[in-house]
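Here's the letter readout for the chains.
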Amino acid sequence: MNLLQSAADGVLFGATYALIGIGFTLVFGVLHKINMAYAAVSVGGAYCGLLALSLAPAAPAWAVFLLAFAAGGVLGLAVYFACFHFIPLASPLATLMSTVGMLLLIDEVIIHVTAGMPRSYPAMFDDVMLQAGALQLRGDLLLVFAVSVACMGALLALLYRTPLGLATRAVSQQPVAAQLCGVRVVQVNALTFVVTGLLGGIAGALIGASVGTLSPLLTLPLTVKGLIVTVIGGLGSIPGAILAGLLVGALESLFQHFRGVTERDIYVMLLLFAFLVFRPGGIFGPRAGRD
Amino acid sequence: MDFYVGLAQLIGVHALLGLSAYVVLLTGQVSLAQAGFFAIGAYAAGMLTVMAGWPLLAALPVASLAGAAAACAVGFPALRVRGLMLVIATLAFAEVVRLFFFNFDFQVARAGVKVGPLGGEGFRQIRYFPENAWTTLEVTLFIWAFVAAIMALLWWFDRSRFGTVLRAVGDDELAAQSVGISLTGAKVTAMALGGAIAGIGGGIYAHYTTHIEQANFNILLATLAIAYPLVGGLSNVFGTLVAVVFVQGLLVEGLRFLGDWRNLLFGALIVLAMNLRPSGLFGARGA
Numbered sequence: 001m002n003l004l005q006s007a008a009d010g011v012l013f014g015a016t017y018a019l020i021g022i023g024f025t026l027v028f029g030v031l032h033k034i035n036m037a038y039a040a041v042s043v044g045g046a047y048c049g050l051l052a053l054s055l056a057p058a059a060p061a062w063a064v065f066l067l068a069f070a071a072g073g074v075l076g077l078a079v080y081f082a083c084f085h086f087i088p089l090a091s092p093l094a095t096l097m098s099t100v101g102m103l104l105l106i107d108e109v110i111i112h113v114t115a116g117m118p119r120s121y122p123a124m125f126d127d128v129m130l131q132a133g134a135l136q137l138r139g140d141l142l143l144v145f146a147v148s149v150a151c152m153g154a155l156l157a158l159l160y161r162t163p164l165g166l167a168t169r170a171v172s173q174q175p176v177a178a179q180l181c182g183v184r185v186v187q188v189n190a191l192t193f194v195v196t197g198l199l200g201g202i203a204g205a206l207i208g209a210s211v212g213t214l215s216p217l218l219t220l221p222l223t224v225k226g227l228i229v230t231v232i233g234g235l236g237s238i239p240g241a242i243l244a245g246l247l248v249g250a251l252e253s254l255f256q257h258f259r260g261v262t263e264r265d266i267y268v269m270l271l272l273f274a275f276l277v278f279r280p281g282g283i284f285g286p287r288a289g290r291d
Numbered sequence: 001m002d003f004y005v006g007l008a009q010l011i012g013v014h015a016l017l018g019l020s021a022y023v024v025l026l027t028g029q030v031s032l033a034q035a036g037f038f039a040i041g042a043y044a045a046g047m048l049t050v051m052a053g054w055p056l057l058a059a060l061p062v063a064s065l066a067g068a069a070a071a072c073a074v075g076f077p078a079l080r081v082r083g084l085m086l087v088i089a090t091l092a093f094a095e096v097v098r099l100f101f102f103n104f105d106f107q108v109a110r111a112g113v114k115v116g117p118l119g120g121e122g123f124r125q126i127r128y129f130p131e132n133a134w135t136t137l138e139v140t141l142f143i144w145a146f147v148a149a150i151m152a153l154l155w156w157f158d159r160s161r162f163g164t165v166l167r168a169v170g171d172d173e174l175a176a177q178s179v180g181i182s183l184t185g186a187k188v189t190a191m192a193l194g195g196a197i198a199g200i201g202g203g204i205y206a207h208y209t210t211h212i213e214q215a216n217f218n219i220l221l222a223t224l225a226i227a228y229p230l231v232g233g234l235s236n237v238f239g240t241l242v243a244v245v246f247v248q249g250l251l252v253e254g255l256r257f258l259g260d261w262r263n264l265l266f267g268a269l270i271v272l273a274m275n276l277r278p279s280g281l282f283g284a285r286g287a
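Just so you know, the sequences run in chain order A and B.
Going left to right, the first sequence walks through residues 1 to 291 as the numbering used here numbers them.
Going left to right, the second sequence walks through residues 1 to 287 as the numbering used here numbers them.
By construction, these hints were calculated from the structure, which means they are not laboratory data.
Hints are supplied without guarantee of correctness; some may be wrong.
Label pairs and their in silico Cβ distance ranges [as the list claims (entries may be wrong)]:
(1) A:L135 / B:N218: 36 to 42 Å
(2) A:Q179 / B:L251: 35 to 41 Å
(3) B:H211 / A:P221: 21 to 27 Å
C-beta: ideal position from N, C-alpha, C; glycine also.
Model the full structure from these sequences, guided by the hints.
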């Protein structure tokens, strides 16, 4: 029964990994580049949310979340202009290095501003306990899950039901053809970074709320987890990232149950290697002919 | 004076790390696993001299072999993927190695004191140099002898058939394959050679710092490893050395007067450099 309990906790928390994975995969789909600074944007956005508390100490938790959401979008746009806009598309290594530089920069800014001390993060519904059969579901984790699912729904609606989504999908399939049809590629690229930044900001706030504290030490593990989710789900696949995020969350929780917190990440990465060897395309690999 | 000797030692060790990434980059693969091989070499050499009482010169080849073996083991599965997927796979490998050493407790009693790696606390007391009364200058010369030997070896490789094969794979895989070059063979050989060099570098690093812990071998080190050859350009081995001197000597040490702000500037400089010169500071255009 404990197994089921930790798997359930893992799935609920895994929703945040899914959000981070979507951010990586969306940028990869549009630009065919990896934005290594993404998890740093996410944590940076969450930290900006804390500004609400320092401006108005009585600010409710949802205001912190909202500010984190908005700040993530702004940071995402900043990353686009600092690391992608002026670097030629043909040098993937240069954007890789520039985004790693951005990752270090955001981390260091956070350390500089907070003097390296972890900050406690406000949570919502953390005193609620839901009883589902024999399972106990933590209220704050349920909130994390619900908000993540809502964000994913909004994202899918944006991608498949709006002209902007149509343009984004067109650019990800054939940038040149999309440009010839009158799609403003630069605008679409920049908006992709804003959208992923918004998702990242809310994911960072949710992670801060469910962990209880926020620390710049979160960025690297989150970067690695997000990349693992992206690869397992299949680079560029949004349903894959969602499924892989929940899967990684559940398995991580189970590994922690069996082997303890210090060892769990080793097994998560071995899982990644298993996928690389047996199914390098991920769960939903890109269809043939798509570059 | 001591400061400059210490800096020379640091530059020597980082040059070995950069050269290990240089070999792998010649075949067009970006590997963030070099920090992992470096860690394996560091722990292997440290354990051999401290716990088994081996002389350093006997421990370094073993460390090198351990690095090469790990590189082969990573190379085969990782070569099923390329490009950005390889970056992720090797990054994950480096993290696995780091987390392994985070959980690695293996201590033996020597002369009444427990020695050996102790998980998160790291591996203390790798005191081969002080125990054998090496002066700082001797240690520096020892490090640079290895740097010079490996640079000479790589310089010679570059001019041999082997180097041409590696560069052919890096320039155009399809063309290389069509003239009969084995892609897997070339890539795994380059990985193994890179792993061997990183293993030696790690072994030396462990002995000159005397204390290693898993946090030393983080993503920053992995990024630095590939940053050196990328900044220095891939036209020859000296670019990597120049880049190490530039980054460690000028950027890291030279900006120390900025204190806390130095770390901030470091990330910003990488971003700026990549915007201005996407193909390396000293590299040929399009390298």
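When you take the CB atoms of A:Q179 and B:L251, is the distance between them in 35 to 41 Å? holds, 39 Å
C-beta pair A:L135, B:N218: status relative to the range 36 to 42 Å that was hinted: Between A:L135 and B:N218, where Cβ atoms are some 37 Å apart, the hint holds.
21 to 27 Å was suggested as the range; check whether the CB atoms of B:H211 and A:P221 agree with it. Holds - the Cβ-Cβ distance for B:H211 and A:P221, about 24 Å, lies within 21 to 27 Å.
When the structure is compared with the earlier hints, no violation turns up for any of them.
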